[in-house]
Amino acid sequence: MYEYIKGVVTDIKSTGIVLETGGIGYFVHTPNPYAFEIDKEIKVYLYQQIKEDEHSLFGFKEISEKELFLKLINVKGLGCKMALPILATGSISGIVDAIERENILYLKKFPKIGDKLAKQMILDLKGKIQIAGVEMMEESTQEELAEVLKGLGYKEKEFKSVIPRIDSSLAIEDQVREALKLLLK
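Residue numbers for the sequence shown follow the numbering used here, so the first one is 214 and each next one is one higher.
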């Protein structure tokens with residue numbers, strides 16, 4: 214197994230990057246290929262998937278992304294190609310917090326994740342995710358609060374300054390109440 218590769222990004226495609234090292238260009242599937250820069254040397258943390266008819270590399274800018282990816286692909290019914298869009302569209306802390314809080318609605322916002330798979334993610338991962346160096350609660354509850362306020366019809370510019378003033382240790386319902394009080398002043 215590969216742990217990481219250091220190399221130069223020579224091409225960016227919609228599903229990944231080409232990373233050149235030692236005169237060889239490796240195609241590496243990544244959650245967000247456009248987060249990389251062409252002609253820049255980087256270190257990419259890798260997961261190698263070997264199937265009967267395919268060998269694939271999956272790469273991540275941060276070790277915490279790789280750790281969460283490895284947890285996600287161990288969920289029954291969730292493979293590598295489904296785990297990448299989850300990491301691309303959600304924050305690590307938001308995903309972990311949604312699993313810990315059993316927030317099925319948050320998990321269902323990801324591509325190809327339905328009710329059944331969201332419940333399976335919670336069943337398989339709740340209480341089992343510890344990712345070093347990731348602050349879980351505050352960022353993800355702020356994200357969740359922002360989503361609720363958007364759902365209530367508020368624009369981001371209206372509530373952007375209100376969210377940091379809300380105590381993130383409160384239950385989400387209480388956070389929404391506090392935010393609404395501040396927005397209606």
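For the record, the hints were derived by calculation from the structure and aren't laboratory data. Just so we're clear, the structure is a prediction, and the values are computed from it rather than from any experiment. We put the CB at the ideal spot given by N, CA and C, even for glycine. Be careful, since some hints might not be right.
Said to hold, decoys possible - Listed next, with one range per pair, are the computed distances between beta-carbon atoms:
id: 1; residue 1: Phe240; residue 2: Asn287; range: 23 to 33 Å
id: 2; residue 1: Ile237; residue 2: Lys329; range: 38 to 48 Å
id: 3; residue 1: Ser374; residue 2: Gln262; range: 42 to 52 Å
What the hints assert, rightly or not - Dumping the calculated BS3-like pairs for lysine-lysine here, alpha-carbon to alpha-carbon at most 27 Å:
id: 4; residue 1: Lys370; residue 2: Lys325
id: 5; residue 1: Lys274; residue 2: Lys325
id: 6; residue 1: Lys274; residue 2: Lys339
id: 7; residue 1: Lys274; residue 2: Lys289
id: 8; residue 1: Lys332; residue 2: Lys322
id: 9; residue 1: Lys289; residue 2: Lys329
id: 10; residue 1: Lys394; residue 2: Lys363
id: 11; residue 1: Lys256; residue 2: Lys289
id: 12; residue 1: Lys332; residue 2: Lys368
id: 13; residue 1: Lys322; residue 2: Lys274
id: 14; residue 1: Lys219; residue 2: Lys274
id: 15; residue 1: Lys332; residue 2: Lys226
id: 16; residue 1: Lys373; residue 2: Lys341
id: 17; residue 1: Lys289; residue 2: Lys253
id: 18; residue 1: Lys289; residue 2: Lys264
id: 19; residue 1: Lys332; residue 2: Lys294
id: 20; residue 1: Lys294; residue 2: Lys370
id: 21; residue 1: Lys398; residue 2: Lys363
id: 22; residue 1: Lys329; residue 2: Lys274
id: 23; residue 1: Lys322; residue 2: Lys370
id: 24; residue 1: Lys325; residue 2: Lys339
id: 25; residue 1: Lys322; residue 2: Lys226
Here is how each hint holds up against the structure:
In this structure, Phe240 and Asn287 meet the distance hint of 23 to 33 Å, their C-beta atoms being roughly 24 Å apart. Distance hint for Ile237 and Lys329: a CB-CB separation of about 41 Å, consistent with the stated range 38 to 48 Å. At about 44 Å, the beta-carbon gap between Ser374 and Gln262 stays in the expected band of 42 to 52 Å. For the hint linking Lys370 to Lys325, the alpha-carbon distance of about 30 Å lies beyond 27 Å, and the restraint is violated.
Of the supplied pair hints, the one linking Lys274 and Lys325 holds, its CA atoms being roughly 24 Å apart against a limit of 27 Å. For the hint linking Lys274 to Lys339, the alpha-carbon distance of about 25 Å falls within 27 Å, and the restraint holds. Taken as a hint, the Lys274 and Lys289 pair is honoured in the structure, with Cα atoms around 25 Å apart against an allowance of 27 Å. The hinted pair formed by Lys332 and Lys322 meets the criterion: a straight-line CA distance of about 13 Å does not exceed 27 Å.
For the hint pairing Lys289 with Lys329, the CA-to-CA distance comes to about 11 Å; that is within 27 Å, so the pair holds. Annotation: proposed proximity of Lys394 to Lys363 holds, straight-line Cα distance about 16 Å (limit 27 Å). A distance of roughly 30 Å separates the Cα atoms of Lys256 and Lys289; the hinted pair therefore is violated under the 27 Å criterion. Taken as a hint, the Lys332 and Lys368 pair is broken in the structure, with Cα atoms around 31 Å apart against an allowance of 27 Å.
Our distance criterion of 27 Å between C-alpha atoms is met by Lys322 and Lys274, whose separation comes to about 23 Å. For the suggested pair Lys219 and Lys274, the alpha carbons sit about 11 Å apart, so the restraint of at most 27 Å is met. Only pairs whose Cα atoms come within 27 Å are accepted, and Lys332 paired with Lys226 is rejected, the gap being roughly 32 Å. Of the supplied pair hints, the one linking Lys373 and Lys341 is violated, its CA atoms being roughly 32 Å apart against a limit of 27 Å.
A C-alpha spacing of about 37 Å is found between Lys289 and Lys253, which places the hinted pair above 27 Å, so the restraint is violated. For the hint pairing Lys289 with Lys264, the CA-to-CA distance comes to about 17 Å; that is within 27 Å, so the pair holds. Using a Cα cut-off of 27 Å, the hinted pair Lys332 and Lys294 holds, with the two alpha carbons roughly 19 Å apart. Using a Cα cut-off of 27 Å, the hinted pair Lys294 and Lys370 is violated, with the two alpha carbons roughly 34 Å apart.
With a C-alpha separation of about 18 Å, the suggested pairing of Lys398 with Lys363 holds against the 27 Å cut-off. With a C-alpha separation of about 30 Å, the suggested pair Lys329 and Lys274 falls outside the 27 Å cut-off, and the hint is violated. Among the hinted pairs, Lys322 with Lys370 is consistent with the structure: their alpha-carbon atoms are about 23 Å apart, no more than 27 Å. Straight-line distance between C-alpha atoms of Lys325 and Lys339 comes to about 20 Å, which keeps the hinted pair within the 27 Å bound.
For a cut-off of 27 Å, the pair hint linking Lys322 to Lys226 stands: about 24 Å separates their Cα positions.
In this structure, the earlier hints numbered 4, 11, 12, 15, 16, 17, 20 and 22 are contradicted, and the remaining ones agree with it.
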